[in-house]
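All chains should be modelled from the sequences, with the hints used to inform the complete structure.
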Amino acid sequence: MKKKISTKFQCLLIFCMVLNTGIYSQQITYTVTSTYGEKLATILNNAIQEANTGAEVTVLFDAPGLVEITSELPEINNVNGKIFFCKAPGNLSKQGLIYSASLSDTIIKNGLVLNGTDIQIKNLWFMEFTGLDKRKAILINGFGKINIDSCHFENNRISISMYDYLGAGLVENNFIIHSEADGSAIIYDGTKEKVEFLSMNIGINNNFIKMDSGLFVRMNATHTPSSNYGINILLKRELMNRGNITLSNNKIENITTAIEVFNFGSSVIGGSQTDPSTGISISSNNLKSNTTGLYIYNPLQYWKIEQNSFDNIETDCEIKLFNPDNKIEFIETSNVLGRNANNNLNKFSDTKAKNSFKIFGNGVSVIGLELNSQVCLADGSNSIIRNNTINSNIYSHKPINRTDCDYKDFSTEVPKPELLSVNKNNNTLGINYSISDLDAMTADFAMDFYLTNGRGDLKNYLGSHTVNNNGTYLAEINIPSGIALLSGDSIAATVTSLGNVGTGLPAGTSEVVYLTLSGISDTLSFNCDDCIGSFSPVPGKKYVISAWVKEANAKPATTGYQNPVALIQFENHRGNIQKTEPFSAKGQIMDGWQRLEEEFVIPDQTMKIKLELSCKSGECYFDDVRIFPAEGTMKSFVYDPLTLRLMAELDERNYATFFEYDEEGELVRLKKETEKGIMTLQEYRKNLKLK
260 MKKKISTKFQ
270 CLLIFCMVLN
280 TGIYSQQITY
290 TVTSTYGEKL
300 ATILNNAIQE
310 ANTGAEVTVL
320 FDAPGLVEIT
330 SELPEINNVN
340 GKIFFCKAPG
350 NLSKQGLIYS
360 ASLSDTIIKN
370 GLVLNGTDIQ
380 IKNLWFMEFT
390 GLDKRKAILI
400 NGFGKINIDS
410 CHFENNRISI
420 SMYDYLGAGL
430 VENNFIIHSE
440 ADGSAIIYDG
450 TKEKVEFLSM
460 NIGINNNFIK
470 MDSGLFVRMN
480 ATHTPSSNYG
490 INILLKRELM
500 NRGNITLSNN
510 KIENITTAIE
520 VFNFGSSVIG
530 GSQTDPSTGI
540 SISSNNLKSN
550 TTGLYIYNPL
560 QYWKIEQNSF
570 DNIETDCEIK
580 LFNPDNKIEF
590 IETSNVLGRN
600 ANNNLNKFSD
610 TKAKNSFKIF
620 GNGVSVIGLE
630 LNSQVCLADG
640 SNSIIRNNTI
650 NSNIYSHKPI
660 NRTDCDYKDF
670 STEVPKPELL
680 SVNKNNNTLG
690 INYSISDLDA
700 MTADFAMDFY
710 LTNGRGDLKN
720 YLGSHTVNNN
730 GTYLAEINIP
740 SGIALLSGDS
750 IAATVTSLGN
760 VGTGLPAGTS
770 EVVYLTLSGI
780 SDTLSFNCDD
790 CIGSFSPVPG
800 KKYVISAWVK
810 EANAKPATTG
820 YQNPVALIQF
830 ENHRGNIQKT
840 EPFSAKGQIM
850 DGWQRLEEEF
860 VIPDQTMKIK
870 LELSCKSGEC
880 YFDDVRIFPA
890 EGTMKSFVYD
900 PLTLRLMAEL
910 DERNYATFFE
920 YDEEGELVRL
930 KKETEKGIMT
940 LQEYRKNLKL
950 K
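Per my numbering, the very first residue in the sequence shown carries number 260; after that it's consecutive.
Honestly, I wouldn't trust all of these hints.
Just the calculated beta-carbon pair ranges, DEER-fashion [claimed, not checked]:
1. 838 / 881: 13 to 23 Å
2. 543 / 897: 25 to 35 Å
3. 831 / 689: 24 to 34 Å
4. 899 / 795: 28 to 38 Å
Hints are computed from structural coordinates only; laboratory data are not their basis.
Here the structure is a predicted model, which is why all the values come from computation and not from measurement.
The beta-carbon is built from N, C-alpha and C at its ideal position, and this holds for glycine as well.
In structure tokens, the structure reads:
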């Protein structure tokens with residue numbers, strides 16, 4: 260069955276019945292074959308009427324080029340079915356909408372206006388929707404399920420705007436290039452009345468967004484709903500009790516602000532949102548060459564900002580919290596900005612950055628910020644800088660500026676400490692450090708200590724030590740429960756001024772300094788008083804390390820030990836340190852022990868050698884440790900320190916022969932350690948004959 264359509268509209272209508280049961284009982288396809296906008300308007304009127312009967316309608320673009328918009332298109336309202344806009348298969352030209360260049364001063368505001376539900380737009384172009392009236396290529400209002408996928412937006416004032424949109428929306432795989440510096444790529448703008456009681460889930464993912472002209476520097480310090488200048492992705496809303504917004508895997512380049520989040524409902528922000536499963540997730544985005552990466556204004560309570568890349572950005576993240584009564588810590592342990600023990604890593608690779616974080620207002624807490632970052636306190640108090648727990652500290656590799664956020668001569672800031680040595684006694688770390696050039700005007704000073712890996716990535720907060728003057732100190736830090744010290748880890752430290760200067764702003768935090776842990780990984784250090792003084796390894800020569808290792812609580816079925824490791828560290832005359840790979844035991848376990856044997860070469864110009872024996876987990880034992888030239892052999896002997904009897908002889912392969920004696924000191928048994936276990940070689944019996 261066909262419906263009769265006038266040929267002057269140059270479009271084809273196909274109407275068919277769907278026999279299987281489902282949501283939509285009819286499928287209808289309209290094909291756009293003309294670039295004349297008035298003809299598209301007629302098709303849209305017909306498509307909306309069909310969709311409102313419950314039909315599934317496809318509007319197929321198969322014109323010679325983009326459809327030129329010369330008048331307002333009909334709004335898509337109250338759709339009970341589904342409308343799908345897409346490009347015709349096989350058409351190689353650009354398909355979609357373009358705003359007519361001759362109509363720049365008319366009152367035409369937007370391209371497609373979507374007020375209905377279940378609308379999909381795929382593989383179409385939207386161009387030249389520009390002008391001073393914030394013209395939008397696509398405007399989405401009210402309720403609906405919207406999916407905008409794999410479209411190309413170019414030279415639009417605002418490409419996609421969602422206003423008071425309540426539904427499940429996806430904006431994915433789109434390519435957006437702007438020519439107007441004060442435009443926006445994607446906007447969500449919601450109000451409390453429309454959002455508070457209804458669920459909303461929006462995903463903005465896998466899009467490429469780039470500013471095609473010069474950067475626009477935002478002049479106003481405080482934002483209003485009408486000041487959307489130079490923003491690529493803008494979220495504006497007052498309150499959200501249910502639902503989620505996710506922004507992930509987007510690549511955003513060359514614009515003033517990459518992602519901006521407003522919350523104008525400052526009176527309802529504290530404690531109103533109680534469900535941690537809802538909120539905003541900004542993850543795995545690549546933000547490059549923007550003035551500001553993230554701009555967060557009066558943030559809501561539940562956030563996840565992780566795995567983003569900030570590259571060549573003046574301020575990676577700017578946070579403004581202007582309600583003076585709002586002291587919430589908006590980023591919680593499980594949803595963090597920066598790093599914590601869960602490694603929610605945001606990568607900062609700035610070459611022109613002034614600040615990684617720029618903070619306005621009291622009560623803002625940044626959790627586990629990576630150490631190689633600079634924090635600017637544009638306004639606020641000491642509570643922003645530090646606390647005694649990892650959950651509310653700011654960790655800064657570069658100093659926190661005192662009164663402004665411009666480039667600073669870091670030598671005028673709080674001086675950095677010098678870490679001298681670290682010793683471990685049971686569960687206590689003794690950290691020797693010195694500090695000089697402190698200004699007594701800003702005393703007291705807190706030395707904060709952190710545990711990092713070899714790359715400087717933050718692992719755990721260890722503790723703090725307070726001083727009030729220059730000098731050399733010993734900080735005794737109780738190692739927090741559950742924290743393991745591994746070989747290759749480092750102790751990091753900062754000095755924070757607890758006093759105020761000038762306008763009452765905090766003096767700041769020093770640059771972070773590091774000291775690598777060597778031989779301290781849950782092991783005991785001791786001096787070798789009876790070592791042979793003539794042992795002097797030669798750089799460039801090959802040597803063998805051999806030992807027997809055992810795990811204290813290994814299961815009977817264990818076939819190999821993974822926790823005991825040996826590592827050798829070499830230090831040259833410049834103080835440069837080189838390490839071998841960790842050595843582990845191999846072969847069969849004999850009587851609970853497994854042999855470790857490896858060869859290594861001492862680097863040229865080595866001045867010091869240090870042997871590290873460590874246990875990755877639990878308790879480990881090391882026995883018969885020896886180092887000797889690979890081209891030689893070695894035997895060793897074990898004597899009873901009281902009777903001076905020979906108790907064992909270890910051969911060239913570090914296998915032992917045991918000597919057992921009776922109470923009279925007579926040899927009664929000779930045992931040999933082999934790969935099959937311990938074998939008895941000889942046994943002696945002596946009897947006296949009594950007359």
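field: Hint check for residue 795 and residue 899 - Cβ pair distance inside 28 to 38 Å
entry: holds (30 Å)
Residue 543 versus residue 897 beta-carbon gap, inside 25 to 35 Å or not: violated (59 Å)
Range agreement (Cβ of residue 881 with Cβ of residue 838, hint 13 to 23 Å): holds (18 Å)
task: Hint says 24 to 34 Å; check whether the CB-CB distance for residue 831 and residue 689 agrees.
output: holds (27 Å)
Figure legend: structure checked against the earlier numbered hints; the only hint not met is number 2.
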